[in-house]
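Asker: Protein sequence lines, in the order shown, are assigned to chains A and B.
The opening position of the first sequence corresponds to residue 2 in the numbering used here, with each subsequent residue numbered one higher.
The opening position of the second sequence corresponds to residue 2 in the numbering used here, with each subsequent residue numbered one higher.
Since the hints were derived computationally from the structure, they do not count as laboratory data.
Glycine included, C-beta positions come from ideal geometry on N, C-alpha and C.
Calculated lysine to aspartate or glutamate pairs in the EDC-like style (CA-CA distance at most 20 Å, straight line):
{"hint": "1", "chain 1": "B", "residue 1": "127", "chain 2": "A", "residue 2": "288"}
{"hint": "2", "chain 1": "A", "residue 1": "125", "chain 2": "A", "residue 2": "183"}
{"hint": "3", "chain 1": "A", "residue 1": "187", "chain 2": "B", "residue 2": "82"}
{"hint": "4", "chain 1": "A", "residue 1": "187", "chain 2": "B", "residue 2": "154"}
{"hint": "5", "chain 1": "A", "residue 1": "187", "chain 2": "B", "residue 2": "98"}
{"hint": "6", "chain 1": "B", "residue 1": "127", "chain 2": "A", "residue 2": "280"}
{"hint": "7", "chain 1": "A", "residue 1": "270", "chain 2": "A", "residue 2": "280"}
{"hint": "8", "chain 1": "A", "residue 1": "125", "chain 2": "A", "residue 2": "185"}
{"hint": "9", "chain 1": "B", "residue 1": "127", "chain 2": "B", "residue 2": "82"}
{"hint": "10", "chain 1": "A", "residue 1": "240", "chain 2": "A", "residue 2": "157"}
{"hint": "11", "chain 1": "A", "residue 1": "187", "chain 2": "B", "residue 2": "57"}
{"hint": "12", "chain 1": "A", "residue 1": "240", "chain 2": "A", "residue 2": "90"}
{"hint": "13", "chain 1": "B", "residue 1": "127", "chain 2": "A", "residue 2": "185"}
{"hint": "14", "chain 1": "A", "residue 1": "187", "chain 2": "B", "residue 2": "55"}
{"hint": "15", "chain 1": "A", "residue 1": "125", "chain 2": "A", "residue 2": "190"}
DEER-style ranges, computed between Cβ atoms:
{"hint": "16", "chain 1": "A", "residue 1": "278", "chain 2": "B", "residue 2": "12", "range": "50 to 60 Å"}
{"hint": "17", "chain 1": "B", "residue 1": "119", "chain 2": "A", "residue 2": "140", "range": "54 to 64 Å"}
{"hint": "18", "chain 1": "B", "residue 1": "67", "chain 2": "A", "residue 2": "126", "range": "32 to 42 Å"}
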Amino acid sequence: MSLTTTSPDLEPPLSRATPEAANADLRPRTRTHGQTQRGERRSTAWLGWLPPVLMLLGLEGAVRLGWVPRHLLPAPSDLMLTLSQLGHEVVIQHVAASSLRVLIGFTCGASLALLVGAAVGLRKPLEHLLDPSFQALRAIPSLAWVPLLLLWLGIDEAPKIVLIAIGAFFPVYLGVSAGLRDVDRKLVEVARMAGLSSTALARRVLFPAAMPSIMTGVRNGLSLSWMFMVAAELIAATKGLGYLLTDGRETGRADLVLTAIVLLAVLGKFSDSALRWWEQRLLRWRDTFESQP
Amino acid sequence: MPDLLHVHIQSKRYGDRAVLQDLALRVRAGELISLVGASGCGKSTLLRLIAGLDTDFQGDIQLDGHAVRGITPEIGFIFQEARLFPWLTVAQNIGFDASGGTRPDARVSALLDEVGLGGYEDALPKHLSGGQAQRVAIARGLFRRPRLLLLDEPFSAVDAFTRMKLQDLLTRVVSHHGVTVLMVTHDLDEAVVLSDRVVVLDAVPGPVCDVMDIALPRPRLRDDDALTRTRTTLFRRLHEAHAL
Numbered sequence: 002m003s004l005t006t007t008s009p010d011l012e013p014p015l016s017r018a019t020p021e022a023a024n025a026d027l028r029p030r031t032r033t034h035g036q037t038q039r040g041e042r043r044s045t046a047w048l049g050w051l052p053p054v055l056m057l058l059g060l061e062g063a064v065r066l067g068w069v070p071r072h073l074l075p076a077p078s079d080l081m082l083t084l085s086q087l088g089h090e091v092v093i094q095h096v097a098a099s100s101l102r103v104l105i106g107f108t109c110g111a112s113l114a115l116l117v118g119a120a121v122g123l124r125k126p127l128e129h130l131l132d133p134s135f136q137a138l139r140a141i142p143s144l145a146w147v148p149l150l151l152l153w154l155g156i157d158e159a160p161k162i163v164l165i166a167i168g169a170f171f172p173v174y175l176g177v178s179a180g181l182r183d184v185d186r187k188l189v190e191v192a193r194m195a196g197l198s199s200t201a202l203a204r205r206v207l208f209p210a211a212m213p214s215i216m217t218g219v220r221n222g223l224s225l226s227w228m229f230m231v232a233a234e235l236i237a238a239t240k241g242l243g244y245l246l247t248d249g250r251e252t253g254r255a256d257l258v259l260t261a262i263v264l265l266a267v268l269g270k271f272s273d274s275a276l277r278w279w280e281q282r283l284l285r286w287r288d289t290f291e292s293q294p
Numbered sequence: 002m003p004d005l006l007h008v009h010i011q012s013k014r015y016g017d018r019a020v021l022q023d024l025a026l027r028v029r030a031g032e033l034i035s036l037v038g039a040s041g042c043g044k045s046t047l048l049r050l051i052a053g054l055d056t057d058f059q060g061d062i063q064l065d066g067h068a069v070r071g072i073t074p075e076i077g078f079i080f081q082e083a084r085l086f087p088w089l090t091v092a093q094n095i096g097f098d099a100s101g102g103t104r105p106d107a108r109v110s111a112l113l114d115e116v117g118l119g120g121y122e123d124a125l126p127k128h129l130s131g132g133q134a135q136r137v138a139i140a141r142g143l144f145r146r147p148r149l150l151l152l153d154e155p156f157s158a159v160d161a162f163t164r165m166k167l168q169d170l171l172t173r174v175v176s177h178h179g180v181t182v183l184m185v186t187h188d189l190d191e192a193v194v195l196s197d198r199v200v201v202l203d204a205v206p207g208p209v210c211d212v213m214d215i216a217l218p219r220p221r222l223r224d225d226d227a228l229t230r231t232r233t234t235l236f237r238r239l240h241e242a243h244a245l
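The shape of chain A in the complex, shown without the other chains (with noise of 0.2 Å):
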C-alpha cells in the first residue's frame, strides 16, 4: 500500500527526480502519428476527381458508340457545344439571376434564423411557446409553400425570395437554437464562476461553442436553398437555371437540361465549398479527427 514498499525505480520520490523527468508531462504531444495521416489524405484527395471524370468519359463512349439514343442523353461534348451555343452572356445572365436569388433569399432567411434560434436556444420559455410550431412548420414540403406564395405575392421576384428563405430557415434555426441549447454545462460554470454577465455569457461562451453547430446548420441551409430555388424557379420564370430546366422539358431538349443540372451541381458544390473553407478557418480550435495537424 505505501509507496516506500514499491521499487524505488518505479516511483522516484519527486523531489528527487531529475529535471527531465519532471518535466515529462510538459514535453508537447507528439505528432509523428498526424503527419502520416496528413501524408496520406494528400496523396488520396485526386480520388474525389475519379468517379466523375470515369462517368463523363464513359457517358461519352456509350453515346459515340450509339449504345444510348444522343436525343435522350447527350454526351459530355454535346453539353459543351449546347453551353456555347447558348452563349457565354445567355449563361451568365441564367446563372447570375439563380445566385442572387440564392443569395438574397438565403441571407435573408439565414439571418431570421440566427436571431430566433438564438431566443429560442437561450430562452427556456421561448422555447416551450415557438419550438413545437416551428418543427410543425419544418415539416411543410417546399413544394406545398408555392401556390400559397404565388396566390399571396403574385409570380414577380418576391414569392421566389420568400421560398428560398423559407429553405435556407429550417436548417439555420435548428442548427442556432440545438447548438445553444447543447453547449456544455461544465463550461457553462467556468464562465460562471468568471462572474460572467448573461450577455457576456452568450457572446463569450454559449455562441463560440454552439458555433460547430451553427455552421453545419448554415451549410445545409445553404444547399437546401439552392434546391428550393430550383422549385421556384420551376413555376414562373423568364431567367435562371429553374427556367433553363422548364424551356429544355418544353421544347424536349434533353441537353439543355443537362446543362442546366450540372450548373447546379457546380454552383452548389462551390458555394458549399466556400462555407466549408470558411468554417474550417472559423472552427480551427477543434479537436477533431479531420483538423489533427
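Here the structure of chain A is known, so what remains is to put chain B in place on it, guided by the hints.
Answerer: Relative to chain A, chain B alone:
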C-alpha cells in the same frame, strides 16, 4: 490563525434526498484542507455551495466574517477536468475574466512560467496533454487572486506520475500566493502529502465525522516513513468512521 471560512449547512437536498445536514466547517487562513469521504457523501456538493454555483440550501457561509451567497471573485474553483475553452488560446483561457479584454497580460505569462508552461501562451487546448491542461487550469484559478481556492478532485484524471508532479506544483503555488485551499480528494496519499488537516465526511448526511491534523514538516517527501505511518493512521480512522 484567524478563520477565513465558516460554513454551516443546515440542510441541502436534491428533491427528497438530503445530501448535507447540520454540517459545520471552519477553515483557517493559509490552511490546506482535504475533504475525504465515501463517494456520494456530498463532498462535491459542499464545494459547489461554497463556490456559489448552487445557492439552493439552508445555512450560511461566511468568508472573513462576511456572509457570501453566490459567486464571488474571492473564491476560485478548479474542477476535476481542466475545462478550458477550446476556442481560446492558453493565455486567453488563463486571463478569462469578467473584464472581457484579451490584452496580453504580463501576469498571465508569469503564471504560465510558474506552472511550468512558459512559452505556451498561444497554444490551443487541443494541443495540450491532460497534465498540461490541468496546469493551465491551476494558473487560471490563481489569475483572479482568490483568497480561497476550491479544488474538486483536481488530479484524479491524470496518471500517477503526473499527479505527483501536479501535487508538488500545487504545494508550491499555494504557498507562493498565500491562498487558502479546500480540496476534495479520494486519494489518501494526496491528502497526507498536501494537507494541514484532513476532514472526514460521513456517508450519512450529518456533522463532520472526524478531523485529523497532519502535523508533518514540509517539504514532505513521499518516501518518508512518517508520511506512510500518517497515511495508515488516516486509513484506520476512516475505516473506524465507516467512511470507506
